[in-house]
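If you read the sequences in order, they're chains V, L and A. When you line the first sequence up against our numbering, it's residues 1 to 554, in that order. When you line the second sequence up against our numbering, it's residues 1 to 408, in that order. When you line the third sequence up against our numbering, it's residues 1 to 470, in that order.
Don't take every hint at face value.
Here's a subset of chain L near chain V, in silico, CB distances under 8 Å, partners left out [to be verified]: (1) Q47; (2) S61; (3) G62; (4) E214; (5) P247; (6) T250; (7) K289; (8) T363; (9) A364; (10) T385; (11) W389; (12) L392.
Pair ranges (Cβ atoms, derived) [said to hold, decoys possible]: (13) V:N129 - A:Q50: 22 to 32 Å; (14) V:P178 - A:S397: 34 to 44 Å; (15) V:T197 - A:H181: 30 to 40 Å; (16) L:T341 - A:A452: 31 to 41 Å; (17) V:T197 - A:P237: 14 to 24 Å; (18) A:W458 - L:L79: 56 to 66 Å; (19) L:Q361 - V:N57: 56 to 66 Å; (20) V:G23 - A:P298: 38 to 48 Å; (21) V:S529 - L:T341: 16 to 26 Å; (22) V:D157 - L:Q361: 26 to 36 Å; (23) A:A38 - L:E329: 33 to 43 Å; (24) L:A216 - V:A173: 52 to 62 Å; (25) A:T385 - V:T54: 49 to 59 Å; (26) A:Q50 - V:A173: 45 to 55 Å.
The calculated EDC-like cross-link candidates involving lysine to aspartate or glutamate, where the alpha carbons are at most 16 Å apart (straight line), are [stated by the list, open to error]: (27) A:K10 - L:E401; (28) V:K205 - A:E199; (29) V:K97 - V:D226.
No wet-lab data here; the hints were simulated from the structure. Every residue, glycine too, gets a C-beta built ideally from N, C-alpha and C.
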Amino acid sequence: MRKLRFLWALCLLPACLSHSFSGETFTEELFIRGLPDGKVASRFEFSTHSHGATPRNPQNLSVEDHSQHYTLFPLALGQILREYAVTELHLTLNAGKWNYDRWGYPDEPDVAAGAALWAWMAEGSAGANPRHSVDARWRDLRNALAGLFCASIASLDEQRTTSPARAFTPFGALPAWPQSGPHAFRHASLPSENVCTENLTPFLKLLPCKSRSGLAHLLNPHRLFDADWHGMGLHVSWRPEDGVQVRLTFQSVFDPLRSGTSRDWSFSSLFDRTVDQACPVAASSLVLVTLPVREPYSIQPEPASNANNRGVFPITEQTVPLDISIHWLNPFQHATIAAQAPLSVRRMLRGAAQSHGTLAVSITNPGSAAVRVVYLETLPWIVHLYLHTLELSVDGIPRADLLEDISYIAPVPHERASTLEAILAIPANSTVSLRVGVGRAFLRYTEHPPDAQRGWELPGAVVVLLDSENKPQKPVGRWVSTNKEAAQRKQAQVLAQAQPRRIYTPALLVDPATPDFSMPYNVIIFTCSLVAFIFGSVFNGLTRRFVVLRASPE
Amino acid sequence: MKLSLDFGVVFPVLVAGRLLVALTNISDALKHDHQLSTPLTSYLNLQEGIYLFKNGIDPYSGGVFRHSPLFLALFTTVLPTSRTVSSIVWTLSDAIGAWALVQIWRARQRVAQTSRDGLIAAIYLLNPYIFMSTLSLSTSPFENTLALVSFMFATQGLVSPSLLAAALLLQLSLSSILLLAPLIMLLASSPVSQLASPRAFSGNGKKMAPLVAEFAAYTAVLTLASALVSGGWAWVPQTWGASLTLPDLTPNCGLWWYFFTEMFDYFRPFFLMVFSIHLLIYIVPVCIKFQYDPLYAGFILLGILSSFKSYPTMADQGLFLSMIALFPETYPYLRYPIVTTLLHLHAALLMPLFHHLWLNQGTANANFFYASTLVYACANGAALTDCLWAGLRIAIGEPQEGFVVAQE
Amino acid sequence: MPHIHPDGTKLRDPSSLFYQSEYIRRLIIGSYWLVIIAAVPLWWHITSIQRLSLPTSRVRAQAGNQLHFPVQIQLEGIQDASLPASLQRLVDDRIRRSPQAWKGLDVKVNDQNGVCVTATTWELLTHPPDANKRLDSYTVRSTEGVPLASERHLAYPVRTETLPMLADTLSALLVPPTDTHRVAPYSPRYRLAFTLLNEDAAAGRAISGWDISGAIAHSLSILHNFTIESQVQFHAPLAFSPLSLDHGYGLTPEDLTVPLLILDSNGVPSSSDAFLLPQWGGIVIYSPTEQQHNVPLPPSALNSVFSTFASQLLGLLGVPNLPPDVHMNAPVLTGWQLDALLRRRTLENVQNAQDTLKSIVKLVDQIENMPVGLDVKGDVQNSLTALDQMYASASTSLNETLHQSADALTLASRAFFNPGMLALLYFPAEHKYAVYTPLFASAMIPLAAAAAKEIAAWRRQRREAAQVVQ
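Chain V on its own, in the form it takes in the complex (with noise of 0.2 Å):
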C-alpha cells in the first residue's frame, strides 16, 4: 500500500549557523564511454545550485549567522562550509591508479590516490579570534569532513597539510571583502586511504534523491567497488553570477573484458541496476554515451539525439525504466595502444639504503611541440630532497636550461612537510628525466604508524600543463549552467573542450627505518647504565687518594 504522506521533522540540538531562502538548482548527468582497451568508463556527475548565494566572510564568524534554508542544497555541507567560512572546497576519494597512458585523461581531472583535500578560506581581520584563523578553521574542516565522510581526513594534520602556489588554481571566484585578509590555499592528501562503501552512503546522502531516483540509483556499492578503477569527488565553488555551486562526481573503470570476450555493456551488466525512476526535483537529467566509431554496433534504446557522436538520453517519467544496452558485432581485438595523454610521467624511488635515496622522475612529452609544465612534489617530513643535486636530463645529456623556475618550501622534521614547484620546460618527442637525491628521516619510536614495517606511502607528484600564457591551463566545462537548454547546449561543447590539466603520478612506498619498538626500557638501561660508568669512573679517579700498598708476597 502506499501513501502519500508528508513528515515533519523537528529537531533540537544544542547549537550554533546559516543563509536566506534562494532558488536552487539541481542538474545530473552520466556519461558513459569506451576506452580503448576495451574498458568503459562511467562518470556521473550531480550539481546543485544555490544562486545568489555568497560564501561567509570570515570576518562574520564572530556573529551569529544568518538562518539557513534549503531544499535541494545539502544541509551537511552547508553548515559545513557556513561554520568554517569556507570559500571553494575539494575532496576526492580514489581508489586505484588511473592509467593516462592506456585511458587518457580522466573526465574528472582530479584522480590523486587515496584522500585528497583542498580549499580556498579567506583569512579574518588581524587580532580575530584565533579560532577563526585559516589554519584553525582548515583543522576543524578536516575534522568535520571526516565525520561527514566517515574518512581519515582528519589525519590529513599539519604534518601532510601544504600550500603550493601554482598547480591548483580556483575553480570558481574568490570574493574579494575589503575588511577580509587575502585567501589562502591549503591542500593535503593521504595516499594510503581505502575507499569503499561507508565512504559512498554518506556522499549519496548529500543528493536530493539520494540513490532512490534518477541516476543516482546506479550507484550500487557492489559494482562500483569492485570496478577496476573508482573515485568520488565533492567540489564546491563560488561565482558571483551564479552563487554556490556543490557537485558531487563519481568516476569508475569498469572491465567488460574480465569475464569474457565481448566488450558489450549495459546498465545491468555494469551496474547491476537500470534507473527505474526520474528524480522529481531534478532540472536536468540526461545519460550520454560516446558512441563507437568506424565499427558496428548496436544500441538499446536509440538516444533521443545524437551529437558530437554522442548520444544524448534525457531521463523523464516517460523514458524510465531505463537500460542502455550496447552491443558489438565484431569481437574486441587487443592491439597495442598508442599513449592517450599528452605527457606520460612516471616517477620512483630509487636505492636501497634506508638512509638516503634517489627520487627519478620520467616526463615524456609524445607530441610534436613543447610543452611546459608545472612539477609539484609535496613529501612529509620524513623524506628530504637534496636539492642541489636536482639534476635534469634528456636521453642522458644534462639540460639544466629545461628547468626555468623553482620554489621551495623545506621540511621541518616532527612538524611540516615540504613542497617543491618546479616549471619544467618539455622539449618535442622527448623524455626529460629528473633526478634528484633524498635523505630519509630517523623517526622517534613513538612516531611510526601502528604497522612500522609497512612504510609510508609518499603522496604522488602532479604535473600540471602550463599553456602559453605561463598560467595553468584554465578549468573548462564543469560548470553547469543553471538554464536548462543552455545546459544542453553547452554540454556539448564542455565534452568537446574538457581538458583536464593536471596529471597525478601513483603514490609511492618508503619504508623508514625502524627502531626496535620493544627496547625502550632496555636502552635506557644499557646507555644509561654505560654513561653512569664512565661518569663514575671519572669521578673516582678525580677523588680517591692514591695509596702505595705492599705488594703480597706471591
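Guided by the hints, dock chains L and A onto chain V, whose structure is given.
Chains L and A in isolation, oriented as in the chain V frame:
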C-alpha cells in the same frame, strides 16, 4: 721505536699522500656514512644549505641545514664548492691541524724541533678516524683543527689568536664551550708538562677575567656576523639549538640518538637536559684536578666531549686519541692500553659492518648498530679513564717491584 | 691491607702530592654537587606538572549555598482579612508535604496592601510595600467565574471554602510537575532544524518546498535565540510497513487519498497527527487531500503544522502546562509558566554547576599527576564568580539569574572536560622511578657516598681540633 725522520720531509710527504687519496672518488662512498658525519657536519647538508642560500631560500627555515652561517659566508664568497676544491681544502685543514699539534708538542717541550715531530704529525694525519672523516668531507675535522690551533696559540702565549680560534670553534659546535676553561688557564700559565710534579695553579688568576671578556667579545661579534650573513636569528635554534634538543635522530657513533629514538615523549625534555648538563659537570673538577697542567685538562675534556656530546663523529675521538702523542711521559703508567686498543679496533670494525647490515642490507636491525656504538663508547671510556689515571699516577713515580699504587 | 708509608721505595708519598690534598678533593666533590644543585630548578621546571591550586574552599563553600527565590503573592479584592494568613498556612502545609518540589522557593502571601503577613521589620525595610511592581510578585485577584491566568495575574474566586483549591492551583502554577524524560537538556542556545520529508517524491506527488521563513516569523518569533535551519528531503521512506486499517472499502497501493494515522495503545486511530520524540524533537504528519505535484506547501497547512511545532517546542523546552482548571489569557504563555520554567532551569544549572565543580576539585585531589593549567583554574574561578553574582541577582531579576547560572554551568563543564587535564594520567610515579633509576642510582650513589664521607671526615677533624685546643 725511535724515528729519526726529519719533520721537514715527513710532513710534506704525508700531506701529499693524503691529498692523493682525497682526490680519488672515495669520498662519494663515504659522504653518506653516519659514523663520519652527523646532520650537523654532513657535507651533503652543507651543500644543500649553500644551494638554498644561493637561490634565495633561507636554509634555516627547514630542518636539513644545521651548519653555522659562517660556512655559508665562507663557501658563497671565498671558497668554491666543487668536490676537488673541497677535498683539497679539507686535507689542508688536516695539515694545519697536524702542524698545530706539532707546534703544541714543541712548545710543551720548550724546544724548536724534536725527533718526535714527524711521528706526531703522522699520528694525526694517519689516524683513520680523522682520515676517514676528512675523506667523507664532514666538517668535524674543521672543528678539530680549530681546537688544535686554539691550543697552539695558547701554548705560544698568543692570546688574541687563540681566543679567536676558540670563538670560531664555538660557532661551529656549541659543546666546545667545555674547552674554554682549560684554554684560559693555559693562557694564564705555561704549557710545559707539570704532570710529574703537581703544584698549585701557578698562573695569574687576575689575568683570566679579561681573557674571558675578550672571548665573549669575539663570540658576540661572530654571532652578530652570523646573524647578518643569514639575515636573522633562525640559525640559532637550527645549529646550537639542535645539539641541545636533538631534532634529527640520524644514527651516529654517539650515545644520544638511539636513547632519544626510544625515549618516552614525556621524559624527553628531562633527559635532554640531563645529558646536556652532564657534559658541563666535568669542567670544574677536571680543571681543579689538573690546574698544574691545563693542557692535560683540555685533553681530558676533549675525551669526555667525544664520548658524550650530542652529535659526535669518529673524528672527535680521533682528535683525543691523536693528542695522546703529546704526553709520552704518561705511557708507562697506562694500565690497560691493549684492552683499549682492542676495544677500539672491535668498535671500528663492528660499527660500519652493522650500520651497513642494518640500513643497506636490511638483514640486521637497529639494535645491532646500537650495540656496536655501546662498544665504541666503552672504548672511549676506557681510553679516557686510563689517560686520567696515568696523568695522575705519574706524579707518584716509576713503578717499583713489591709495591702497588692504587686508589683507595 | 694497611696503608704504608713507602719508606725505602723511590715512590713518592702520595699524601704529599698537591692534588691529594683534602682541600682539592673537597673542592672537586663540591663542584660536582654545585652543578647538580644548580640544575635542580631546571629539572623542576622541566618535569613538574603545572598544578595550579584550585579555589577548593570557595567551591566547598559554594556547594553549601542554597538558591532562594522570593515569591510574593498579593491577594487582591478580598473581603476577609484573614484569608492571606490562611492561604499562607495552606501553602506552607504543601511545602512541608513535598519540600523537594518547593526547593528554593520562599513563598509569602500578602494582603492587598502589600503587607507581608509573615513579614518581619527587616523585610519591610528591604521589600517596600509597592512590591507588586517587582518581578517576583504575583497577584491573585478575587473574581467570580472561571480561573484565568495572564502574565503574573490570576483571577480566581477567592473564598474561604475555595482556599484549599487555590493553594493547589498556586502550587501547580509555581512548581508545576515536569516530565524530565521528555524535556531536552538545558543549553544556552538550541539549533532548530526543520526537515520536510517526502516519503517518495518520485512516486508522483511531492511537496517541493515551503515558505519556512514566513512560517517561522509567524509562529516562532516569540521564541527567539534559536539558530534555525531547514531542508527538504525527497526520499524518506518509512522504516516500517504501516498497518492498513480495514474500513470496509478496498484500497489499492496507489490510493493516495487515505491519510496516515497514528494508532494509540488500544489500536484506535488517534485524533492527533503529531508525536514527540523525548529530548530530541517532534514529528507532524501531513496527509494532503488534494492532488499536488511538486508544489510548495499551502500556507494554510503550514500554519497548522507550525502551531503544532510551537507547542511541541514548548514541551521540549520544558514549558509547563497550566493547571487544567485554569484558562489562559495570553498569546503564548503566561508569566507564571515562564517564571516556573526559568526557576527550574536555574535550580538545575546551579545544582549541576556545583556538582561539576565539586567533581573537579575531588578529581584533582585524588590524581596527583593531573595537570591543572591556567585555563582550568580560570574557568573554575569564573564559574564561582558567576555563581556569586547569581546569588546577588536572585532576588532582583530572574532572567539575569538564569543567565548567570548558565554561565556558571558552561564554565564548570568546560573546565571539567578540558583536554589538558588528561595529558599525563598515564605516567604513574612507579614508571617515573623505573626510568630515572638506571641513571641516578648508579651515578648518584658514588657522589652521595663521597660527599657523606667527606662530611664525616670534616666533622671528625673539627672534633679532634677542638680536643687539641682543650
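Hint check results:
1. Q47: With Cβ-Cβ at 5 Å, under 8 Å, it holds.
2. S61: 6 Å, holds
3. G62: 2 Å, holds
4. E214: 29 Å, violated
5. P247: 5 Å, holds
6. T250: 5 Å, holds
7. K289: 5 Å, holds
8. T363: Check failed: Cβ of L:T363 comes no nearer than 12 Å to chain V, outside 8 Å.
9. A364: Given a least distance of 11 Å, the restraint on L:A364 is violated.
10. T385: For L:T385, the interface hint holds, since the closest Cβ of chain V sits about 4 Å away, which is under 8 Å.
11. W389: 6 Å, holds
12. L392: 7 Å, holds
13. V:N129 - A:Q50: 22 to 32 Å: At 24 Å between Cβs, range holds.
14. V:P178 - A:S397: 34 to 44 Å: This hint holds: roughly 41 Å between Cβ atoms.
15. V:T197 - A:H181: 30 to 40 Å: Roughly 37 Å apart at Cβ, these two residues keep to the hinted range, so it holds.
16. L:T341 - A:A452: 31 to 41 Å: 38 Å, holds
17. V:T197 - A:P237: 14 to 24 Å: Once the Cβ atoms are compared, 20 Å apart, the range 14 to 24 Å for A:P237 and V:T197 holds.
18. A:W458 - L:L79: 56 to 66 Å: 59 Å, holds
19. L:Q361 - V:N57: 56 to 66 Å: At roughly 59 Å between Cβ atoms, V:N57 and L:Q361 fall inside 56 to 66 Å, so the hint holds.
20. V:G23 - A:P298: 38 to 48 Å: 20 Å, violated
21. V:S529 - L:T341: 16 to 26 Å: 24 Å, holds
22. V:D157 - L:Q361: 26 to 36 Å: For V:D157 and L:Q361 the Cβ distance comes to about 34 Å; the hint holds.
23. A:A38 - L:E329: 33 to 43 Å: 36 Å, holds
24. L:A216 - V:A173: 52 to 62 Å: Taking Cβ atoms as reference, L:A216 and V:A173 lie about 59 Å apart, which means the hint holds.
25. A:T385 - V:T54: 49 to 59 Å: About 41 Å separates the Cβ atoms of A:T385 and V:T54, which means 49 to 59 Å is violated.
26. A:Q50 - V:A173: 45 to 55 Å: Holds - the Cβ-Cβ distance for A:Q50 and V:A173, about 48 Å, lies within 45 to 55 Å.
27. A:K10 - L:E401: Between A:K10 and L:E401 the Cα gap is close to 10 Å, so the pair holds against 16 Å.
28. V:K205 - A:E199: 15 Å, holds
29. V:K97 - V:D226: Holds: V:K97 and V:D226 sit about 14 Å apart, inside 16 Å.
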